[in-house]
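Once you have looked at the hints, place chain B on chain A.
For the record, the sequence lines run as chains A and B.
Quick note: the first sequence, position 74, residue 74 per this note's numbering, numbers continuous.
Quick note: the second sequence, position 312, residue 312 per this note's numbering, numbers continuous.
Check each hint, because a few of them may be wrong.
Label pairs and their calculated CB-CB ranges [as the list claims (entries may be wrong)]:
1. A:L62 / B:L354: 47 to 57 angstroms
2. B:G410 / A:T13: 22 to 32 angstroms
3. A:M193 / B:G33: 52 to 62 angstroms
4. A:M193 / B:G412: 17 to 27 angstroms
5. B:L264 / A:D246: 39 to 49 angstroms
6. A:G41 / B:V247: 57 to 67 angstroms
7. A:L62 / B:E107: 15 to 25 angstroms
8. A:L156 / B:L95: 22 to 32 angstroms
9. B:D273 / A:V80: 45 to 55 angstroms
10. B:S411 / A:G21: 22 to 32 angstroms
To be clear, the hints were calculated from the coordinates, so they are not data collected in a lab.
Note that the structure is a prediction, hence the values are computed from the model and not measured.
For glycine and all other residues, C-beta sits at the position ideal for the given N, C-alpha and C.
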Amino acid sequence: MNESMPSFSFKQTAAHLFLIGFIALVTVPFFLVLSASFRAGHFAPNQLIPEQVSTEHWRFVLGLPFEEIADPATGETRTVRAAVPPLRWLWNSVKVSVTASLGILLLSGTAAYAFARMRFAGKEPILKGLLILQMFPLVLALVAFYVILDFLGGWLPALGLNTHPGLILIYLGGISLFIWMIKGYFETIPPSMEESAAIDGATPFQTFWRILLPISAPIFAVVFILSFIGYMSEYPVASVVLQTSDQWTLAVGAHSFLYEQEKLWGRFAALAVLSGVPITVIFLLCQRWVVSGLAAGGIKE
Amino acid sequence: MNARSLPPPFRFLISALALAPALWISFVLYQAGHAVTGLAVLLVVCTGIHVYTTARNPAWRYLFPGLLGFGLFVILPLVYTVGISFTRFDSSHLLSFERVRADLLTETRRTGPEVFAHRLLEREDGLFRARFTDTVQPERKYLSEPFSLTPRFAGIDGPGPVPLHPALADDPLPGRLLDLPEITRRGLYLPLREAAFSLPDGRALAVADLRHFAPQDRLWEERTDGALVNRLDGRVIRPDFNVGRHVDEHGEAVGFGFRTWAGLENYRKIVADPRIRSPFLRIFVWTVVFAGISVAATFALGLLLAVLLQWKELRGRHVYRTLLILPYAVPAVLSILIFQGLFNQEFGAVNELLRFLFGAAPDWNTNPTMARAMVLLVNLWLGYPYMMLICTGMLQSIPGDIYEASAIDGSGPVKNLVYITLPMILPPLLPLLIASFAFNFNNFNLIHLLTLGEPAMVGGGIAGETDILVTYTFSLAFRDSGSNYALASAIATILFVIVGALAWLNLKLSTRRARPLPR
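In isolation and in its complexed conformation, chain B is listed as follows:
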């Protein structure tokens, strides 16, 4: 661990051993077109070597692994997501500009009516020749110049299309004929498909279907100014980076859309586009209400139970306590799914019981208000043990003689709670309450597994009445057919600013006071 105490030759050796594979990896990455990533790998490894061999401050040796993991799996995804929020990236702008461009450039048009059957011939020296026979006029045959094929490699080696020359039917075959099974077995089919040949009149011959070649060339001709010209109708299209598509003179889009920078457009949509703004605002309000009520209700119930369990004359307090913690001990994923079944409108246990007792069964799944009530009830069940546990800890730190003094004054339990207990425990608990608020603000599991955000919000698109912002955002990106990653990322960024601010506030509050420490 302490490489600085090692003699310099060892230090040098260790550095070299770490640097060599790093250099190799960066080079491979660079060659594959990931120059930035390669550079980043090299930078990280060099920093690591510096930290563990020559850096004077030992602190960084302890920080390096943790900060590296944090950087890679928290900061990098965060930056990436915030970055996406300034782009246009959805199901109709899914590919990069380069990919869309390359796709357009592989589109072809036929330059003649002929269709040729082809045979592949192998020469003694390992080079290949191809023979083409017109399917309509079998006496019209062409033979290619020798060329090489790399098995299983999609793409022709050597320069440009292979020239073809007219051949006669009774010419001796300049090599051994390969049949299709042999071609596929030797992995030659793929490279042959990609091969291009040029007819004596200059037209290019390329693969048309499984067994045939036909004269064809690129549909789009690339001009030096970046525009593409259609060889069939002379249409000129240009990439429009404002809309993320190739468009012609009339503004008509051609080909797939591509990802582009969109500036603040996604944020503007959230503020200005009524189709986004109205569900966003409703969901925002519900998110705050949901998180607020959840914290208040779990705190109230947890405090009540904690106070009750503090009562020394009560027998069996430990048994009660253990049983009361149960909802917290069971993995939340399982309990949330269990409640999904219990609150099932038709067959669930809750409604069976209510029907039996009162003859009424609330529509938990279809009525927005009831669905929200159900979400809050389930969250109360899930969350009160946590509050009970932390309140118990806080209550134990209140000196008992305060209550004795207040009992002499003749105060009852309610007065004690309002004038002694709450003022004593609320300030130190405030950071935990804020943390709990922030947690519920982004309580994805509860909503996603319990209701999926349903029932649907009328006129809200993908939004549901029980959706909170984080599940709504998830739906926009992963459940909606539009897969609007960019808009989802913009909302994610806003969410992060909100909860980040809460965390900052929390830090302010808790550093002003001594933090409660586990001991």
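So that you can see chain A by itself, here it is in the shape it has in the complex:
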């Protein structure tokens, strides 16, 4: 291991070739989508360099008006503009995911504190029950979610169907994995500091807020990022709860371009590039935290 001089052995070259080939294969879809977003008309992504370059899809996605040929025979044009700018869906997604993730932090952080540091009846069964019950697939509770939100909306329209607060409420149920992660982290912190604070007269809340939380910032970052990414990709519940296009999230909106009868690949591609790039960059920037969270069993949805 001492010699750090690179030796261009056969093995090294083979490894480089394999990795470069593999990465080319794996990343080519991204270039195809980028190309499709600049290609005139709607074609399934299949060209690395578009034949006919056009910015129509980008204008549509950004909500800008553009001219489109309405009748190829006469060359007559019409102005097209998205009724709901698809960029709005990205904003809706960010709003819902950030709020839900903050709520998750609050709910799972406090509960994890109790599980890690306090004694109470039924601790083990509750902790295990949380994890097992969470295995119930969210998709299959859709009828129940619909009924609950429909009922809530009858009394508090702001929490009903087709509202973001309603969707966020449902998302707040997904806490058990994060409780386990945060609890695991808390348990690696020696309780001696909190004990001495308690001797000095600090209440449990003060030790939690002033001592435990500041040192646990990394795990909260992990939980926030994992839950944010998970909710950015959540499709089934959002597609049932959100009914009008101005309320849609990115996942629902992107899918709406690809209806069975009419697949608007160009618009979808532009939206995918526009919204996929910032999320990807955030993910890569936070990579270190995400990776540490994965070892604790966090699986991206």
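This is chain B only, laid out in the frame that chain A set:
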């Protein structure tokens, strides 16, 4: 937060402030017929007050919000879904018994050929009277006794039908005539529609169309034993709670079906009904195969890449690593939809390339085997970075001197992998592999967004060849015209038992060992 340290008067005040709106909400709910829900709200608020003011153990204060959210949006939907699985609830048994009954009881029959035009009159004191004129014999007129109408309220105030009395054409009008625009503007049209009047001969007069009333009464007469008697032909129908319909003496169904308890019928169907059982079994096998191969393939590829990136002499490892993570960093929904386009049979990039290279284009969309291969390929693309990341973490924890010792023994890389690496990393990774299996077992997004379960399974009804159980269940409930919520819920319950058991097994495995902790 720590209300126990507050002096008792404050504690009392806080409790009262929280309890007052809760009491009001429960009362409103109770009045609206949601007694159980009202009680539940009251119970939750009281528990909350107890937890935050008088409970001795502070732990519950930290648990309460989380457990409440979990209870409301995980346990409640779960219980509801499991509950539905024991009922008959589909597109032909959609309404509650009460609704179906009420619908039957609003059906009417005509009791005479006459049709009356009507006018509404308003008196000085705010009460109304209605005047009816026979459309065939205009000299036949009736005038109602005074009655009241509540604007925009559908339903008549006061007791029973309003009596009518014969009137003469030249009688002075006992009030001001209202025209239709004024009636609709003041919101009187709706309550007037619901009003009932009784002719002097005792027959009831009710609304027949937009501007006319006609003598009619309820078609079904309710008997005390719950049976309904048809006033036209004397047929007797009774609710049959076994089939969820009203049926007559000959077993013929009348009216809409209603939701009923069905016991284990849905589960029996899955086991015994060949139309359900054969697609269910095929899909079950494919689900297990899909999840198993997905885990094995992503693990193998992820481990290979992780081992390669562990190689210290390799330059640019960090760049490679970042590029290799890309598929994991892009939101899965977007990448799955992108692959839907790439694998398009006619125009997709994959087939364009294969046609160019080999002159062959697999039928990814129509051939069951190829469609399944495509699903697995896409899932490999989506899933290998996760495995690579966790394998990298595990490999770093293996002390390097083990490999040095084995190198002295003359072992090659394959021997190292089989005899050192795998035995060292598999046990701690097992819980994560099981979790990944459970995740793929219910990987709804992949199948729903990539293939929608297609191609269709021959003789499988709504089932498709790439459907896994969770998407098949979704289709049964939301895509099939039959909307069989009950059957879907039964399958959902079975799915939950399977993945719940996996989670339990996982807990057993991981609590026996120290869990790998993020640090």
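Legend entry - Hints violated by the structure (numbers, ascending): When the structure is compared with the hints, numbers 1, 4, 7 turn out to be violated.
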